[in-house]
Amino acid sequence: MYPTDLKYTKDHEWVRVVSEEAAIGITDFAQKQLGDVVFVELPDVGRVLTQGEVFGTIESVKAVSELFSPVAGEVIAVNGDLGAHPEAVNGQPHDAWMIKVRVSNAGDLAALLDAGQYEALTQ
Amino acid sequence: MVEFGGWDMPVEYTGIVDEHLAVRTQAGLFDVSHMGQIEIAGADALAAVQWISSNDASKLADGQIQYSALTTPEGTFVDDILVYRMTGQHFMLVVNAGNIMKDYEWIRARVAERVGDASVVNSSSRYALIAIQGPKAEAILQRLTAIELPAMKYYWFATGEVAGMRVTVSRTGYTGEDGFEVFVPPAQAEAVWNALLDAGAADGIKPCGLGARDTLRLEASMRLCGSDMDEQTTVVEAGLSWIVGWKKAEFLGSDVLRAQKAGTLERKLVGFEMVDRAIARHGYPVVIGDDTVGVVTSGTQTPFLKKAIGLAMVPVSRSEPGTQIQIEIRGRRVAAVVVPEPFYKRPKTA
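Protein sequence lines, in the order shown, are assigned to chains A and B. Each residue of the first sequence is one higher than the one before, counting from 1 in my numbering. Each residue of the second sequence is one higher than the one before, counting from 1001 in my numbering.
To be clear, the hints were calculated from the coordinates, so they are not data collected in a lab. Quantities reported herein were computed from a predicted structural model and do not represent experimental measurements. Misleading hints may appear alongside valid ones.
The calculated lysine-lysine pairs, modelled on BS3-like cross-linking and capped at a C-alpha distance of 30 Å, are [claimed, not checked]: (1) B:K1247 / A:K32; (2) B:K1153 / B:K1348; (3) B:K1307 / A:K32; (4) B:K1261 / B:K1247; (5) B:K1348 / B:K1059; (6) B:K1247 / B:K1306.
Work the whole structure out from these sequences, hints included.
Next comes the structure, spelled out in structure tokens:
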């Protein structure tokens, strides 16, 4: 079951919004597809992202894939712990946030999927 | 599951890292039935093997195995193979899945135009192949067979029974660990697979997929034909001069290989380790200044050594261990260094 306090994208990112700050990570489905995550490359704080823009890459032992921002806004925090412990993405995918973005357009959120819709997408 | 050489194969069962570590510390079980077998028999079988492959098969005794290359007249790879000497007039070649028909047609044609009495048979469908690899492999397999495994040396084989099934067992593998490969008729393969999993359960044996097979072989510096070398790569360029029988008579491509050994070699496959934090993968360019001078042929983050490593084809002038190289990864240049091979060597047991 996917947490109902998160919103999701078709590209398998999740976003958790707390007072205009959006924490972004990848879903349990995505981490299972990737397998053992060994490397997460993230942007610098201060970078301004558009909705759907590539903000980084994630590598598992077997593959590399891009990370897409579910919302537009400025990067205000980057999870440095993932440098030393990328495997947290496998262990706690919905807690292992990668970046926090100050949402510049609240309307972006309306286009995202809720937990039920996302789960249906992964069936 | 992925398509591989015409077979549907699992990439992973419990996870690449988990399976990789099981093989390094306990034991892992691989279904490698996709591998092909081509048999050459007749009074001139040895002459045929000597003509089509780079290593010196005359050094083999009955029951012995060698790694070799099936070569083109240019000294490049048709395939890399294992040569099993059944008798002095009967050899079995174990070949890569995707190359079975190509190898078979190639061998038949080369043998027909050169060698007298030797028949070539593709017997791939007669064998399933199960590999048990890891420090516990010998103990686990011994529970199911009367073959005296401690007496079997590395790269030797014997026939006998495993779990009551008639099999051929060789002390070979593609992981850098001690281990065995069991040739079994396909109808009995599932029974042997399940018996090995049961016999090794208490030792932590794990089924392993293609993903761990690839990370294990690369960590042990073993080449993957089709990825690290192909029909454009000579045996010497691939860093495999040790599988060339320099003292044997002429064979396909021997003149090219001898010339390269004597000094015409321009490029060479080397091992590298990333200096910057990044993973180089197959196809990424090796660059100096504005020039692309080489290419990464394999690369991964290895689960046991916990390093980003790989193999790259580079100019001979950049091939010495310690040489700094740059690899272009998604438009960014990252530093790597040439290192001695193998990356991983298993600890010698007493």
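How the hints compare with the structure:
no.: 1; hint: B:K1247 / A:K32; result: 52 Å, violated
no.: 2; hint: B:K1153 / B:K1348; result: 14 Å, holds
no.: 3; hint: B:K1307 / A:K32; result: 22 Å, holds
no.: 4; hint: B:K1261 / B:K1247; result: 13 Å, holds
no.: 5; hint: B:K1348 / B:K1059; result: 25 Å, holds
no.: 6; hint: B:K1247 / B:K1306; result: 40 Å, violated
Checked against the numbered hints given earlier, this structure breaks hints 1, 6; the rest are met.
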